[in-house]
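Chemist: For what it's worth, the numbering used here labels the leading residue of the sequence shown as 1, then goes sequentially.
Note that these hints are calculated values from the structure, not bench results. Careful, some of the hints might be misleading.
Stated by the list, open to error - No farther apart than 25 Å at their CA atoms in a straight line, the calculated lysine to aspartate or glutamate pairs in the DMTMM-like style are these: (1) Lys369 x Glu175; (2) Lys565 x Asp681; (3) Lys107 x Glu949; (4) Lys91 x Glu126; (5) Lys107 x Asp744.
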Amino acid sequence: MLRIHPFEGLGAMLSIHRMTAGDGYNYLLRHIASGDVDHRMATPLTAYYTATGYPPGRWLGTGLPGLGDGSLRPGNTVTEDQMAALFGQGKDPLNGRQLGRPYPVYKTPAQRVADQIQELPNSLSEVERAAVIAQIHKAARREETQQAVAGFDFTFSPVKSVSALWAIADIGTQEQIVAAHHDAVHAVVRLIEQHAAFSRTGEQGIAQIDTRGLVAAAFDHWDSRSGDPQLHTHVVVANRVQGKTDGAWRTLDSRVLHRATVAMSEIHNVLLADGLTRRLCVDWELRERGKQRNPAFEIETIPDELIREFSARTTQIETNLATLLDERGDALHPPSRREMYVLRQQATLLNRPPKEHTRPLSDLTSEWKKRAAQAVGSGVIEIIQRSLAHDEQRPLALTDLSAETVDAYGAATVLTLQNKRATWNRWNLLAETARHTRLLRFISPDERFAALQAIVQAAELHSISLTTADLVTTSATRENGESVFTIHNGQIYTSPVILGAEAVLLDLARDTIGPIIPRPAADLSDDKLKALHRIATSGQKVEAPIGPAGTGKTRLLAHLTTVWKAAHGEGSIIALAPSSAAATVLSDAIGSPSDNIAKWIYESVGLGAETRRQRIRETEYALQLANRARRKLRASRLTARLAALRAEHDRWHFHQDQLVIVDEASMAGTMELATLARATDAAGAKLLLVGDDAQLGAADTGGAFRLIAKDTNAAELSDVWRFTNPWERDASLALRTGSLSIIDTYDDHNRLTAGPSDDMETAAYQAWQTDTRAGRTSLLIAADNATVARLNARARLDRITTGEVEPDGIELHDGTHVGLGDHIVTRLNNRRLRYSPTGFVQNGDHWTVIHRWPDGSLTVQNNTDETVTLPTTYVQESVELAYATTAHRAQGATVDTAHLVVSDQLTRALLYVGMTRGRHTNHAYVATHQPSPDLHEPHFEQTMRDVLEAVLDNPGVELSAHEVMRQELDNATRLDHLIPIHEHLSQIDARSRFAGAVTSSGLDASDQAALQASPAYGALLAALRHAEATGHDVPALLRRAAHLTPLTDSHDIAAVLHTRVERLTHRSRRQEPVLIAGLVLPATQLADPTLVVSFRELESHIAARADWLAHQAGVDRPVWLSALQARPNPGLVSDLESIIRGICAYRERYGITAPNVLGTEPAAHQQIQLGHYKRLAAQIRPSSPLGAPVRQSSGVCNGRDIDPAEAPPPS
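All chains should be built: construct the whole structure from the sequences, respecting the hints.
Modeler: In structure tokens, the structure reads:
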């Protein structure tokens, strides 16, 4: 029977999901048990052992005292009314007081559609009505969904061996396992509070501030949706926290929560292991799962067979099978063996959730124990239970680790990270340190985290920081001394090795004394000819031309190979690629032998080269002995052997004037490319890296290809030839850059289908099946291995029903089966498995099974009728069905049609690859909701645009360390960073400076309190600062504004006063102050003299940045600048430089990327930006005199009447 194992070998998992306001919390209350239980039990799961339903939630978090009268305590039971108040409406669960701003209310996509259909006129005919409804649904797919985030669901799920042990244990042992799980959960929640629970304040949330802790509710569940044992706890954190200093309720800074999740997951993993070892003396191990998979961290005594049994969705499958048998409708004739196999396969593939019902834990435990006994035998169960009684281990404390040990772990952590990625932050260091210390047991969570911190500090010493130091020192700091204008644990690191490797590549890319050939003539398109000439004559020792999908780079390489060989002779071309499959494609395209990069490095400078050198030395010594002994025959044989060894040695080394081509170079790692670059430089050869930086990057440390291409302004192919539909050529390039407008383009051409994930898998599969049966070459592509396994199993099932594949087969590592007639792909190079003098089994090769042997071996045949027999171990570990594939494996392929299943976990690079494989059509099937089959999750509606925008916003390509270093420096000096800091500090000072003005305004104490608590108080302070800068007496101005008309009926006093102050200020028509960079009001009057230096530094940096932006615009000549200079306005000429400076500053400050000069006009509520927009628009408007005064937006009045003094000034 097919088994797809969703949890096999997984480490402990901590996932995070957004919970929406309204009824988004209901999934947690749906199956809460009711009735009396014995609350004397040690854990809720013990207390509710015989109850039908899960235990109710319990309160957690150090932020609880801030609620109501402070009576809520950790461990108190969560009621439904309390959940509705806090997570439904953002209110205090004890007294109903609003915590911060109310959640905005948005309609769901379904509600919007229903409203539009409801409004349709009754006069429409049935046909007309159906057509209009179809258009409504299509339009709704293109709309974004707005959702207020009420909280975050952190789901703590232990490794499967823990749940397996818990399922078969007695009640006393179960109680200890649950207690250890709770201890680990609570410890991680405390760490999140200490290191990841921040809020944001100030303009654009520029300041990250400390909080008083989290308000959270924990809900224990004990099974998966499929009925397997899956102990897990939902900790739902409210998106409301109190500022530590002011007590104001604000939202959480979710940036830190998301960045911390992986590290906290790994820490939960080891804390749970520590706790279980302390309580039950269990041993842990790293369990190998094959060459291509990471080891699993599991309890030593729990066998894989038991883990697989509890990961196979057995209950759900049996339920599905019974349903299918009922639907069969033939009670007289039982199903045949083949039909029964097909039905069982179908039952496995059905991804539908079971009926919503709960069973007592006592019943489930009894059932699980029976399943376990059937899977592994009662004897094994007894051995597992007896193993819990062995002697206790001695856990460690931080003091048990010597300084040398801590430093060694730190160095090992950095070594691991630098082989995975170009840069990392402290969260990455924490996660990797936890993984490195998994087999160490510590005495307590505090000692464990202290050890992790010590190792992380050591790792930081082995790293190089890329983050720019604070340009301005201010007194605005968090409790730990960090500036509020930095993100906690946001410092970015790399290693000297990575920087050195990138520097080697950059230096050689800038070195232009490498091999060249005469400028060739060729019958190529203009872009290819230009690239060919550049490569031939540049002299760059390392060069990186870019070839987007479908631009014909292989044709360019074929021409290049011909002309280079003509100039430098045979053997002057070396062709390499990141994989053997890509190397084969490259070899076929250019007509030269090729190999994969890893093999070349292994043979040229790696272990293969060292082994060969040793053999040469040994043979030379043996030859000397033979000559001394005058053994001529032996000497002759040794001489021949030595010559062969030296020839083999020369074969794996580069030579003068060779051109070393690396195809799909974006997928090659930085270290590999640096190794090749050093070797080509030493030999006097040229390294040519060809690829597309917008497609998939390296599996390990990457980003080097794009770094070289961008830094050297590399040649780039621009004419797309692959697609038969002209519109798709331009569309693919827009998709490559992540343009959101491309969504509508593909939808207009009916290339997008959207719906639930199961429906999309079905639609993609059926379309692929139709194409393949019609004789078209087609790819069925998915984002992840689990989806690929399901699609593969479905395709195999259909081939079984048609008699093309045998029903039985061998189980593969992903849970699918393979048998006679199946199409398979081999996933591992094995040069010992040869099928011809030059051919061997490679990763990515496709085969058909022509014989299945009793021992599990397979004889397979490729498309050229060559055969090879794959050994049993290779089949089990490195063979997969070949009907569906991931986007990673599809890169480089060209077919007639492609069908891509899209989820919001996809990246832009994966989407781009998947949607550019087909010549004739490329179709995306967008899954708008993806519930996990094994954990209960919050559900919220998505539209097609929601998913695709999330995908397009995530490039999915890694930046090199040099790019990150430059980006960090640029971010530190950008105006959208510096100006909000200036504004925040100005507002802090203004609160203090204008406190007396508020007191003397004539407002009573309650109105003053309401004024300062209002969200509009910041805007009022900004208006008072502007009035002060224009010479107004602020106390007098505020008093006048407060007494223009009564404020009794005002909903928001601060908003009303803000409007009045702005209008009174404008009516005076005083001289406007000179703004820094045309945007910033200078801080000339300060209550806090310690801020003077900070403000002067900030203002200097802002002015310098504006000057640099104007200079850079003159160099880059953006579209908007050309449009501005083309305007017929004589007034622009005299002050054009100043205007350009102001426009550049405005565009960066407000993130304007549109090609028109100022972008779209800001909305009315964006008052400050709107004022700047109107001022600049007046300056560049041809019909207006230069510098015509334009008044600020008047805002929105929340009062009842408008005084004449408040009326808009005359135009």
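Chemist: Does Glu126 sit within 25 Å of Lys91, going by the straight-line distance between their CA atoms?
Modeler: Not satisfied, since the Cα-Cα distance of roughly 47 Å exceeds 25 Å.
Chemist: For a C-alpha distance cap of 25 Å, please report whether Lys565 and Asp681 respect it.
Modeler: 19 Å, holds
Chemist: Would the hint linking Lys369 and Glu175 be met if the CA-CA limit is 25 Å?
Modeler: 17 Å, holds
Chemist: Between Lys107 and Asp744, does the CA-CA distance stay at or below 25 Å?
Modeler: With a Cα-Cα distance of about 22 Å, the restraint between Lys107 and Asp744 holds, given a limit of 25 Å.
Chemist: Hey, Lys107 versus Glu949, does the alpha-carbon distance stay inside 25 Å?
Modeler: It holds: about 19 Å lies between the C-alpha atoms, which stays within 25 Å.
When each numbered hint is compared with the structure, a violation occurs for hint 4 only.
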